[in-house]
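Q: Using the hints, position chain B against chain A.
Read off the chains here:
2 protein chains.
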Amino acid sequence: MSTGENLALLTDLYQLTMAQTYLQNRKTERATFSLFIRAYPRHRGYFVSAGLYDVLDFLENFSFDTGAIDYLRSKRLFSDEFLDFLKGLRFTGEVWAMPEGRLFFKDEPILEVTAPIIEAQIVETFIINQINLQSLIATKAARCVYAARGRMVVDFSLRRTQGIDAGMKVARASYLAGFSGTSNVRAGQRYGIPIVGTMAHSFISSFAREIDAFRAFATSFPDNSVLLIDTYDTITAAQKVVSLAREMAARGQRIQGIRIDSGDLVKLAKEVRNIFDAAGMKDIKIVGSGGLDEYDLADFSDAGAPYDSYGVGTKMGVSGDAPWFDIAYKLVEHAGRSVLKLSPGKISWPGEKQVFRQRDNQGQLRCDVIGLREDHFPGMEPLLKKVMEHGKVLPPRPTLDDSRTTLMQEIACLPDSVKAIRNPSSYPVEFTPGLRALLERTEQEVNQAR
Amino acid sequence: MSTGENLALLTDLYQLTMAQTYLQNRKTERATFSLFIRAYPRHRGYFVSAGLYDVLDFLENFSFDTGAIDYLRSKRLFSDEFLDFLKGLRFTGEVWAMPEGRLFFKDEPILEVTAPIIEAQIVETFIINQINLQSLIATKAARCVYAARGRMVVDFSLRRTQGIDAGMKVARASYLAGFSGTSNVRAGQRYGIPIVGTMAHSFISSFAREIDAFRAFATSFPDNSVLLIDTYDTITAAQKVVSLAREMAARGQRIQGIRIDSGDLVKLAKEVRNIFDAAGMKDIKIVGSGGLDEYDLADFSDAGAPYDSYGVGTKMGVSGDAPWFDIAYKLVEHAGRSVLKLSPGKISWPGEKQVFRQRDNQGQLRCDVIGLREDHFPGMEPLLKKVMEHGKVLPPRPTLDDSRTTLMQEIACLPDSVKAIRNPSSYPVEFTPGLRALLERTEQEVNQAR
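Chains as they are written, first to last, in the working numbering: chain A, 1 to 450; chain B, 1 to 450.
No lab work stands behind these hints: they were computed from the structure. All figures in this text were calculated on a predicted structure; none of them were measured in a lab. Using N, Cα and C, we set each Cβ at its ideal position, and we do this for glycine too. It cannot be assumed that every hint is accurate.
Footprint (simulated), chain A over chain B, 3 or more residues, beta carbon under 8 Å [unchecked claim]:
hint	stretch
1	15 to 27
2	71 to 79
3	120 to 129
4	173 to 186
5	193 to 201
6	369 to 383
Quick list of in silico lysine-lysine cross-link-like pairs, DSSO-like style, CA-CA up to 30 Å [to be verified]:
hint	chain 1	residue 1	chain 2	residue 2
7	A	Lys285	B	Lys27
8	A	Lys106	A	Lys392
9	A	Lys75	B	Lys285
10	A	Lys285	B	Lys75
11	B	Lys270	B	Lys240
12	B	Lys240	A	Lys27
13	B	Lys75	A	Lys282
In isolation and in its complexed conformation, chain A is listed as follows (with noise of 0.2 Å):
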């Protein structure tokens, strides 16, 4: 991800100030860190999660190098003993986790790390920025797929998103969400997704007659060319896109498609379809794209324009409406003592934790249950994998292409009333009793304490 500078340095200075101060007050034991999301944004009824690998792989791999400790040190802030150490440390702990492409709900631990605290506490900004960033994507792009009923959605968002690894992780994210395909050829390189795409509005501008870049394009790509017609007049290029696909067909070469990114989109691709149906044309393709969203897309399949798939950028690409989750990572658990922060309304739950997914007959998701990581409930599956020990990935390590088709059965499985795109209704999470009776007892013990 990075070239000479060192990813063990993408942390928050207080996570080192802290450490110097665990280490020079032999503060070693294992700590238990948990990540959640405390809150929905508005009209999200779910989670998805994501970004799990890059987490890991990070663990994987944390060190400092010379470069780092050298930076450190010429701050003047930090002991040569606390400097030492960090030369040698390494992440040597454990991590339970959602596997990828899990529906996941509010208050449910996705991840969670036991490992001596100044591991477990310095990796805390990766983590949440990784997770953070994936699962709000994977969410929104999730709520795109649902929106679109079965029509096709591609990413568009490369242009836009919040710099270059928001790029790449965006195009892996909505294509783990269910996405078809992304513009972002790296992405494509990268992740071995499908890559798609036309010509721009330049494309058109840079011909001196319409029908002049239309057939120069189709005759570059006989087979798959999609004609963007809304540069100046979406109908009038319509009729011109008929004349050229009766002398491409005249030479057994068809046109895929045509775009529309401008303009009245229902409108237009009614009449679209028309002039295309009118002319014999039934084979053409209509794509929708220009700062579409999942309310536009639902909006657009209740009003019945005929689109066969769309292309989706900035809004999906930053999650426009929600931009960011309301995502924590808690000590939970230190020395062998429940630990929680009391401050007001942000009450975290003490212990090391399980979720745990109940199905009705059907297979339908029907609640889950959040509770502690020893408990079992015969008939209920516990959604926390041990993903990693002693600082080692373990097996298995699904493809990206696994962890899309457990997302899609998951979501098949979700009450539509929790998917719904406008004011969802809230999937039913409840807490075990013992969880509550250690809530208690920690609250008790750090009221005395403090």
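A: Chain B alone, transformed into the frame defined by chain A:
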């Protein structure tokens, strides 16, 4: 920015399909593309330019490596002639741009690329990606600095920025905009930005008693500890800080400050300030954090909350209320012919342009004028500079601190009403008669020819 993989592939597939068609049609004429923002997000009255040198470095090093060519060949979309052409492709063009740290406004070109059309087109995706993100964040951060009215503001956003690249660029762009430092250690190393940070709630929770945590940290950092006091009860904790400060004073040491991260931040700051002042500890600083943005900071300033500095995180780091700009890179000239796009609501101005800035006698910004590049208006400053020629970056290359100073000076000269945090007034931007005439002529040509 990457290992192994090719940044040239960080583009949309359609840039490559268009390029193949251009090549087949021997369209090698020079084209000019213009980058501008079409509209202000809500409550924005100006933009801050940032990200230029990431773009110029990308252009200077642009090339497809063997892995990239092999990957493209494997897609069976492209001709051998085109793939051979890509192998030798470099960016040979010219760039005019606003230097980093300049203010700009709606419709103003911030960057113009002139090159053979294939080169100018293929780099679009990367250019938009970087200028959008960095200008977005610099603009948001400049608003935070203004709202803080002289109090220091630092960047705490790394954990929830949209990925790693964003985490780095946010630290840099917010420093450019006047922030005093960042918690992001790697950004400190790479960009030479001051790094800041203290402790997390987990640090407090990991000790049996809050006072033990305070004491341990203050011992580790006897000259610069900022203690987090809202883990259990903020007021009680402030009283503990007073006792600890007395202990330390006896040893000739001091507590630098405290941080409040939750609760009623205005009320708590006033109470805590009173506790410290009553104890004769007027020099203990109060730092505020916890989901803050420029709206909160403005409200805190109005309410007289006695904060000395602020840590600003997520909402700045993702530009939470406006997570993207309506930014476009449009073809404005091709083969000596002015061009534009007529799609409804998205008209672009043709021709190579310049932006001229007029000041009053006191140096205050009065208005901007968008004209043609060859225009000349005595007494007005042309803002676009030639920064690249024949694919090579031209000196001078300002340092980050230079650009930061440029921005501080320019913001000081912008009317307060335009800088207002809510409902700013709009800064006057005019188009020259020459540009208006060109628009009219080009519209006529396009309407006749299309």
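Q: Now tell me if each hint is right for this structure.
A: Here is how each hint holds up against the structure:
| no. | hint | in the structure |
| --- | --- | --- |
| 1 | 15 to 27 | holds (count 10) |
| 2 | 71 to 79 | holds (count 4) |
| 3 | 120 to 129 | holds (count 5) |
| 4 | 173 to 186 | holds (count 4) |
| 5 | 193 to 201 | holds (count 7) |
| 6 | 369 to 383 | violated (count 0) |
| 7 | Lys285/A - Lys27/B | 29 Å, holds |
| 8 | Lys106/A - Lys392/A | 29 Å, holds |
| 9 | Lys75/A - Lys285/B | 22 Å, holds |
| 10 | Lys285/A - Lys75/B | 22 Å, holds |
| 11 | Lys270/B - Lys240/B | 17 Å, holds |
| 12 | Lys240/B - Lys27/A | 22 Å, holds |
| 13 | Lys75/B - Lys282/A | 27 Å, holds |
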